[in-house]
Amino acid sequence: MKSYMCKGKRVLFTENYVLLDIYRKLPPEECTKLSETLLESEKVKVLLDRRGEYAIKVLFTPAGCEEFYALLPRQGEPSPERAKEVLKKAYLDLYGIDLGDVECVEES
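Under our numbering, think of the first position of the sequence shown as 14, with each following residue one higher.
Hints listed in this document are in silico derivations from the structure and should not be mistaken for laboratory results. Among these hints, one or two may not hold up.
Distance condition first, Cα-Cα at most 20 Å in a straight line; then the derived SDA-like pairs of lysine to any residue [to be verified]: (1) 20 with 42; (2) 20 with 37; (3) 70 with 42; (4) 101 with 74; (5) 15 with 91; (6) 102 with 114.
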């Protein structure tokens, strides 16, 4: 596994996947849409929401819901450049946000 830190966000390459450490609170109306396909557990409601090639972990709380990470199939070898590409593309695909110039450093 290789891990990179990019603009305060972690990008982790495992053997088969890339895990993006994203975090975002969602407005209640978006939570309601997601909860229609919810997997219930006793205390905490957690959902893996599929959006295109991404699987997003969503945590539901009484105050609303929060997205925690995105998972996508790994393509290519881990490198700071690759971590940057994956993170920028994910933010653009999922949120329509251009992160601009991002520098990624390998974590030891």
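Hint-by-hint comparison with the structure:
| no. | hint | verdict |
| --- | --- | --- |
| 1 | 20 with 42 | violated, 29 Å |
| 2 | 20 with 37 | holds, 15 Å |
| 3 | 70 with 42 | holds, 17 Å |
| 4 | 101 with 74 | violated, 28 Å |
| 5 | 15 with 91 | holds, 7 Å |
| 6 | 102 with 114 | holds, 12 Å |
Checked against the numbered hints above, the structure breaks hints 1 and 4 and satisfies the rest.
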